[in-house]
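K.L.:
Since the structure of chain B is already known, use the hints to place chains L, X and D on it.
One letter stands for each residue in the lines below.
Number of protein chains: 4
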Amino acid sequence: MSEEAQGTEVVAKAVAAERLTFFADAVIAIAITLLALELPVPVGATNRELLHSVGEHRHEYLAFLISFLVIGAHWTGHHRVFRWVESLGGRLGLLSLGWLFLLVITPYATRVLNGDGAFEARFVFYAAVQAATGGVFALMVHQIRKHRLYREGTPETMFAHARAATLSLSAGFLVSIPVAFVTHWSYVCWMAVPWLGNFTSRLMNRRRLRAAAVSP
Amino acid sequence: MSEEAQGTEVVAKAVAAERLTFFADAVIAIAITLLALELPVPVGATNRELLHSVGEHRHEYLAFLISFLVIGAHWTGHHRVFRWVESLGGRLGLLSLGWLFLLVITPYATRVLNGDGAFEARFVFYAAVQAATGGVFALMVHQIRKHRLYREGTPETMFAHARAATLSLSAGFLVSIPVAFVTHWSYVCWMAVPWLGNFTSRLMNRRRLRAAAVSP
Amino acid sequence: MSEEAQGTEVVAKAVAAERLTFFADAVIAIAITLLALELPVPVGATNRELLHSVGEHRHEYLAFLISFLVIGAHWTGHHRVFRWVESLGGRLGLLSLGWLFLLVITPYATRVLNGDGAFEARFVFYAAVQAATGGVFALMVHQIRKHRLYREGTPETMFAHARAATLSLSAGFLVSIPVAFVTHWSYVCWMAVPWLGNFTSRLMNRRRLRAAAVSP
Amino acid sequence: MSEEAQGTEVVAKAVAAERLTFFADAVIAIAITLLALELPVPVGATNRELLHSVGEHRHEYLAFLISFLVIGAHWTGHHRVFRWVESLGGRLGLLSLGWLFLLVITPYATRVLNGDGAFEARFVFYAAVQAATGGVFALMVHQIRKHRLYREGTPETMFAHARAATLSLSAGFLVSIPVAFVTHWSYVCWMAVPWLGNFTSRLMNRRRLRAAAVSP
Numbered sequence: 001m002s003e004e005a006q007g008t009e010v011v012a013k014a015v016a017a018e019r020l021t022f023f024a025d026a027v028i029a030i031a032i033t034l035l036a037l038e039l040p041v042p043v044g045a046t047n048r049e050l051l052h053s054v055g056e057h058r059h060e061y062l063a064f065l066i067s068f069l070v071i072g073a074h075w076t077g078h079h080r081v082f083r084w085v086e087s088l089g090g091r092l093g094l095l096s097l098g099w100l101f102l103l104v105i106t107p108y109a110t111r112v113l114n115g116d117g118a119f120e121a122r123f124v125f126y127a128a129v130q131a132a133t134g135g136v137f138a139l140m141v142h143q144i145r146k147h148r149l150y151r152e153g154t155p156e157t158m159f160a161h162a163r164a165a166t167l168s169l170s171a172g173f174l175v176s177i178p179v180a181f182v183t184h185w186s187y188v189c190w191m192a193v194p195w196l197g198n199f200t201s202r203l204m205n206r207r208r209l210r211a212a213a214v215s216p
Numbered sequence: 001m002s003e004e005a006q007g008t009e010v011v012a013k014a015v016a017a018e019r020l021t022f023f024a025d026a027v028i029a030i031a032i033t034l035l036a037l038e039l040p041v042p043v044g045a046t047n048r049e050l051l052h053s054v055g056e057h058r059h060e061y062l063a064f065l066i067s068f069l070v071i072g073a074h075w076t077g078h079h080r081v082f083r084w085v086e087s088l089g090g091r092l093g094l095l096s097l098g099w100l101f102l103l104v105i106t107p108y109a110t111r112v113l114n115g116d117g118a119f120e121a122r123f124v125f126y127a128a129v130q131a132a133t134g135g136v137f138a139l140m141v142h143q144i145r146k147h148r149l150y151r152e153g154t155p156e157t158m159f160a161h162a163r164a165a166t167l168s169l170s171a172g173f174l175v176s177i178p179v180a181f182v183t184h185w186s187y188v189c190w191m192a193v194p195w196l197g198n199f200t201s202r203l204m205n206r207r208r209l210r211a212a213a214v215s216p
Numbered sequence: 001m002s003e004e005a006q007g008t009e010v011v012a013k014a015v016a017a018e019r020l021t022f023f024a025d026a027v028i029a030i031a032i033t034l035l036a037l038e039l040p041v042p043v044g045a046t047n048r049e050l051l052h053s054v055g056e057h058r059h060e061y062l063a064f065l066i067s068f069l070v071i072g073a074h075w076t077g078h079h080r081v082f083r084w085v086e087s088l089g090g091r092l093g094l095l096s097l098g099w100l101f102l103l104v105i106t107p108y109a110t111r112v113l114n115g116d117g118a119f120e121a122r123f124v125f126y127a128a129v130q131a132a133t134g135g136v137f138a139l140m141v142h143q144i145r146k147h148r149l150y151r152e153g154t155p156e157t158m159f160a161h162a163r164a165a166t167l168s169l170s171a172g173f174l175v176s177i178p179v180a181f182v183t184h185w186s187y188v189c190w191m192a193v194p195w196l197g198n199f200t201s202r203l204m205n206r207r208r209l210r211a212a213a214v215s216p
Numbered sequence: 001m002s003e004e005a006q007g008t009e010v011v012a013k014a015v016a017a018e019r020l021t022f023f024a025d026a027v028i029a030i031a032i033t034l035l036a037l038e039l040p041v042p043v044g045a046t047n048r049e050l051l052h053s054v055g056e057h058r059h060e061y062l063a064f065l066i067s068f069l070v071i072g073a074h075w076t077g078h079h080r081v082f083r084w085v086e087s088l089g090g091r092l093g094l095l096s097l098g099w100l101f102l103l104v105i106t107p108y109a110t111r112v113l114n115g116d117g118a119f120e121a122r123f124v125f126y127a128a129v130q131a132a133t134g135g136v137f138a139l140m141v142h143q144i145r146k147h148r149l150y151r152e153g154t155p156e157t158m159f160a161h162a163r164a165a166t167l168s169l170s171a172g173f174l175v176s177i178p179v180a181f182v183t184h185w186s187y188v189c190w191m192a193v194p195w196l197g198n199f200t201s202r203l204m205n206r207r208r209l210r211a212a213a214v215s216p
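Chains as they are written, first to last, in UniProt numbering: chain B, 1 to 216; chain L, 1 to 216; chain X, 1 to 216; chain D, 1 to 216.
Pairs of lysine to aspartate or glutamate, EDC-like flavour, derived with a Cα cap of 16 Å: (1) X:146 to X:156; (2) D:146 to D:86; (3) D:13 to D:86; (4) B:146 to B:156; (5) B:13 to D:152; (6) B:13 to D:18; (7) L:13 to B:152; (8) L:13 to B:18; (9) D:146 to D:156; (10) X:13 to L:18; (11) D:13 to X:18; (12) D:13 to X:152; (13) X:13 to L:152; (14) B:13 to D:86; (15) L:146 to L:156.
It is worth saying that the hints were derived from the structure and are not from the lab.
Just chain B, same shape as in the assembly (with noise of 0.2 Å):
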């Protein structure tokens, strides 16, 4: 391959690492602000009747916000991994294409959640669908390390804070799904993954300031 051409192919796939993350942008956007639209608006003549329906579906409002906040957690991570991507490769679009069908059928996973009946094929198909998603992104932050599609100068740090980010989150989900089969309150479960990251991420850090500590 000439020089000018090899020029012309990291251009093309800078192009396209910007475009992959501008499509997960887009899919997202519209995933969460979807969540909204299903919102059970509250009946009622008087205030007091009004408030007496909102407490009614409060678990649609609560079902809504955990989406929102867990859409959230997701791109949050894809937005910290993915400034320092500059180029494509391996099979980190198919993965993204995984990846953003997870997220695409998250808010059908909420409406499922908000059924009536059969709380443990509910709750186990949403904690499923959240799981898998934390599983899919871990994937694509291998792939973007093994064939080095990151820019020159992204610092090491970087990729053990993703992944121990979302394996809490994917660990959180995990184990929520046999709490279900005993008891309701294993929503507390999805509670933990914000507290879990939290302190995966103190663990490494003091791991790594006693390893700086030990090597010469």
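P.N.:
Same frame as chain B, but now just chains L, X and D:
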């Protein structure tokens, strides 16, 4: 950190800031377009009947118009500030997601406002969402200034104007809340919002000129 | 203002112009896609019944097609002009929001057009929205020219062509309004829109050639 | 034309090409996300009933999956070609709008496919939309090549591969049409699409190697 790694970090942060803006645009574009999805289609076999049907839906049309203007105002404020932003840091990312959350529920708040009965509760909910949106945006502007996330050469006055515009918007909606318990004309407070912003801007310009005249 | 601050302002305005274009694209993309959400699914147990059902919905399919073409024409006009725009100023931002407002209600106007009875009122509403969209765009082009928001080296003819295309579009829709009170074939005026634009463009080219032949 | 005006035109055309790509991304992102809006939520008080309900909707879930993959394939094809495009010209703009029209109606075609009865008519409509999408894309690739809208240094093989992928996709859908009049297993033809594309690519690579071996 090596010089190269520092350069890469500047680029990565610029990319991240740009992408956050882009994501906000996509979310707002969808929220503003979804508003129209709820507009009632008038019925009527004759032109006269159709116009009568339009008249009966006038509150829904008015609520749509208000929400379009309100979301348009939030977007314009964001657009005026973020053209100067070139990096990400502090809590700007997190606050931006909170700000988008409030914009995402604005079409829903419009549907709530359109419901029958319980005027005060519906009105307060809508006004509170808008006042909160303004409040969160003020915090975002504060973070941009505190962590110096703006381009070198950004005019000082930009921040003062952004603060004034945002606080006027929030004030207009906050004041309307107690008024709603007295009269349904509390909507008029909302119409004062653009006038308030304009007035505050002029006041600020006058003060600055005076200060400039006093200081040597 | 220092030289550095001036440079920063040029960059900020370019970013703002780009973002306005981007926002317009996102809004139009959603409006054009939402059109299809309303398309009636034909029913029928046999192929013959299904085709019959398609025939019964032919007006809705035609209205969808017209609206897709109309929004496509508005987007194409915007796309042809804004590739030359590199700054923001005057009332371009405000007019752009007004223009987007009209595009956002076009899917709604399509639903109104599809209703039964009261042909004149429905037709006039749709045609008025489209004529107004063209009119607001003509004002936008005027602002771009007046405040010199275009790149240096932009061909003079661009503005003349944009004006001609926009005014032909508006004229086609405006003329159809009185015709609607006489015959339901007023739709035909809309089909003349592309032909009108083409004809005006040719006329303009001929005049320019003559003027060039006369001037030394 | 002066040298400056020529430079401005190159920039304007690059901006226009980028914006067209962006607009396509936004439209496709919305189309792919809207697909999930139609997914039926299963009902059931117990886990067993819920799973049974899922089973009853299996055709709708399958149709959603197929449409996601099909739109994903169209986007991937576009993404692979347009990273090399740096200008606009010929009929590329017009063809792109036509291509987007077909993508916009794909979620609708999915709903049609999901209807009861009249299998052949529904199947043919869906397959024809997809075959046409591939056909229009082949014309777009032809325009890019004919009017030299690609970056200098773009590999010749890119066009051949794009043509092969697109034509395999169209062929798979076209062949399925007559098959649908014989058996409902005509869906299987669609599954052959990725395999066909892969096979053609390999065949092309082999031929090229042979040609390279023959030519000095």
